[in-house]
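Asker: Take a look at the letters that make up each chain.
2 protein chains.
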Amino acid sequence: MSIITIKQIARDLGLSIATISKALRDGHDIGEETKKRVRAYALSVNYTPNPYASSLRKRKSKTIAVVLPEVTDSFFSKAINGIEVVAQMKGYHVLIYLSHESLLREQSILKDFQSGRVDGVLMSITTETECNSHIQELHARGIPIVFFDRVCNEIDTAKITTNDFESGYAVTSHLLESGCNKIGFLTISNCLPICMKRSAGYKKALIDHHMESKESDMILCSNNEEENYTLIKKILSQKKRPNGIIASVEKLSTTIYQVCKDIGLQIPNDIKVVCFSNQSTAAILNPSLTTVTQPAFEMGKTAAALLFKALEKTNLDLTKESVIIPSTLHIRESSVLAGISKTKNKLLQKEILIS
Amino acid sequence: MSIITIKQIARDLGLSIATISKALRDGHDIGEETKKRVRAYALSVNYTPNPYASSLRKRKSKTIAVVLPEVTDSFFSKAINGIEVVAQMKGYHVLIYLSHESLLREQSILKDFQSGRVDGVLMSITTETECNSHIQELHARGIPIVFFDRVCNEIDTAKITTNDFESGYAVTSHLLESGCNKIGFLTISNCLPICMKRSAGYKKALIDHHMESKESDMILCSNNEEENYTLIKKILSQKKRPNGIIASVEKLSTTIYQVCKDIGLQIPNDIKVVCFSNQSTAAILNPSLTTVTQPAFEMGKTAAALLFKALEKTNLDLTKESVIIPSTLHIRESSVLAGISKTKNKLLQKEILIS
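Protein chains in written order, with the working numbering: chain R, -10 to 344; chain D, -10 to 344.
Just so you know, these hints were derived from the structure itself, not from any lab. Be aware that one or more of the hints could be misleading.
Just so you know, same-sequence chains aren't split out, so a pair can sit in one copy or run between any two.
As the list claims (entries may be wrong) - In the PhoX-like style, the derived pairs of lysine-lysine whose C-alpha atoms are separated by at most 20 Å in a straight line are: (1) Lys100 - Lys51; (2) Lys228 - Lys171; (3) Lys203 - Lys335; (4) Lys79 - Lys100; (5) Lys203 - Lys192; (6) Lys(-4) - Lys25; (7) Lys339 - Lys186; (8) Lys339 - Lys250; (9) Lys222 - Lys240; (10) Lys250 - Lys335; (11) Lys333 - Lys250; (12) Lys51 - Lys171.
Given the sequences, and given the hints that come with them, work out the whole structure.
Answerer: Here you go:
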């Protein structure tokens, strides 16, 4: 006789894997009728829990995984530091897996966890992660997952984020107040919740300032540096080019600066630039770069603390534990008013906690 | 009867763990007499290979580990990308472990590998790794190790490095030719081979240019950003301060720029700055930063390719496979002659492959 899996039961009963798993574990959000039906069927087909999954519940690997799209972005390297501080206190190893923005890799990584390699998972999804059955399946096995930064809304668990909508709103308002009247918004995804929230904040700020929000000002970049260079150069070389630009991803700032240098646009006189970025060099760029700085270290630390809480208290309801930590707007030279004195320019530079 | 381990045999015979392991595996660099003696003793005490080590030899985890001090440095994030390209082609997972410059953590990580979690290890050691018995022990178990960038000379295996001595020599010569006559050299370790080679190149260039090499110009920095800021500020505020500075680690460049800004030193007029760095923002800093750029991606790729070669050919002698890949000197504004025309200044900026 072949071994019956949760997946098989889900298929047979026409229910999701998550529902079956929760029903068998007496989950709080599954109806009594469904629970009865699932249990009766599991009994009838001689279902026994997966031995791997059982070994997982013993939490023996003393290891947690961090699944990230990349580490070149300083947000992620700082978040890792926050995670490791907590893990070290708990005597756990941290394994870092990079998905390199590939859904296929992310799926393969999560499959690897099913063998009991790790006790829990901290995760920031790829730009390609529109389908999430691989996360759903891991979640259904009872391995605690906490999302941070790039979350997957469809999975019922804790999400550690920053105020992305408010941040998008704040930088856009700042550029409008600095005199911009055509603002380009560079993004890397039309689906990632984090990108959608930032662009929604941008659009709302435009509306509130009685400005038109044009789809042509929303610019979708890729993972390829050269492609992005070509695209941004094309946009900034147009006759009706933007006089303000928001880069919603750190790595785009270098490309924007390069393009401006190459086509002779002066920042901030000809064009103002702001970027969502945690890079420490922002303050020493030419000109210094206005940034939305995410609380990267804090987000990593909070996500890890929650994961350990879930590992220690098996009845913890992670769905009720989401946290939003505010970002900071660092106004620097790249976005301040042009044609004013150096002293006044200095005065305009400041740090604002976004609320 | 207790189980006899390689460690026990080593102790009993007064030999190193590595020697015992190699003798039992018929290693090429162990004398016939020693081999005979070790084998006879192993037979007499009923030694059987460690079951973990046996399972390791089956190479079943389909996983390699990368042990790094940090990922904030862009050298490491780029090297990871090179490693992952190869690993993906081979269908392997890559686990990234961060030692955070702590020997204790590095030891704990390597201990974790003894359970057969990974098939092979790519490694860059911490600034604290003066004692290396933990690496020796893992090596003795037959788990292939390839070092890259920060190598451990005492372990007989492949080392993928760049021409650090020549790089130290080239940047120092460049600064001397740009008019500097007092050059400070910032380092993070007096023991790491990579730091020693760079500083040896620096000293040799001074001698060849008939300059005095003073110990007081060698400045040892730490992992603490604030401490480094205070130290660099103190040095650059002295009456007899350096008029040229070499940062042998990427992160120090931001601190140097900040200090110069804060105490009113103009780069390159008052002080010239060069840095060993792979950061993409070097070209857009104020002023753009002269760097020694390591072939990070290539080094990671080469190290991974060698590790897989060792995993596929068990009789491969890794000690004969070390590779040195040259770095590039990118001369930019931060180190060129002061007081010359913008056009001439531009002409002086160039890329040189260091030989």
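Asker: First find the shortest C-alpha distance between Lys333 and Lys250 inside one copy, then the shortest across copies, and answer within, between, both or neither for a cut-off of 20 Å.
Answerer: Between copies only: 18 Å across, 25 Å inside.
Asker: My question is about Lys250 and Lys335: at a cut-off of 20 Å on alpha-carbon distance, are they close within one copy, between copies, both, or neither?
Answerer: between (23 Å within a copy, 13 Å between copies)
Asker: What label fits Lys339 with Lys250 when the C-alpha limit is 20 Å: within, between, both, or neither?
Answerer: Classified as between; 17 Å across copies, 25 Å inside a copy.
Asker: Are the CA atoms of Lys203 and Lys192 at most 20 Å apart within a copy, between copies, both, or neither?
Answerer: This pair counts as within: shortest intra-copy Cα distance 9 Å, inter-copy 60 Å.
Asker: At most 20 Å between C-alpha atoms: does Lys100 with Lys51 qualify within a copy, between copies, both, or neither?
Answerer: Classified as both: same-chain Cα gap 19 Å, cross-chain 13 Å, threshold 20 Å.
Asker: Please sort Lys79 with Lys100 into within, between, both or neither, judging by C-alpha distance up to 20 Å.
Answerer: For Lys79 and Lys100, the Cα distance is within 20 Å only across copies (17 Å; inside one copy 25 Å).
Asker: For Lys339 vs Lys186, is the C-alpha pair at or below 20 Å within one copy, between two copies, both, or neither?
Answerer: neither (24 Å within a copy, 43 Å between copies)
Asker: When Cα atoms must be at most 20 Å apart, do Lys228 and Lys171 count as within-copy, between-copy, both, or neither?
Answerer: within (12 Å within a copy, 50 Å between copies)
Asker: One pair to classify: Lys(-4) and Lys25, alpha carbons no more than 20 Å apart. Within, between, both, or neither?
Answerer: Cα proximity of Lys(-4) and Lys25: one copy only (18 Å, versus 56 Å across).
Asker: For the identical chains here, do Lys222 and Lys240 meet the 20 Å Cα criterion within one copy, between copies, both, or neither?
Answerer: Answer is within; shortest intra-copy Cα gap is 15 Å, inter-copy 30 Å.
Asker: Go through the copies and call it for Lys51 and Lys171: within, between, both or neither, with a Cα cutoff of 20 Å.
Answerer: Neither: 52 Å inside a chain and 52 Å across chains, both beyond 20 Å.
Asker: Can you give me the call for Lys203 and Lys335, within, between, both or neither, at a CA distance of at most 20 Å?
Answerer: Neither, since 33 Å and 40 Å both go past 20 Å.
Hint check: violations occur at hints 3, 7 and 12; the rest are consistent with the structure.
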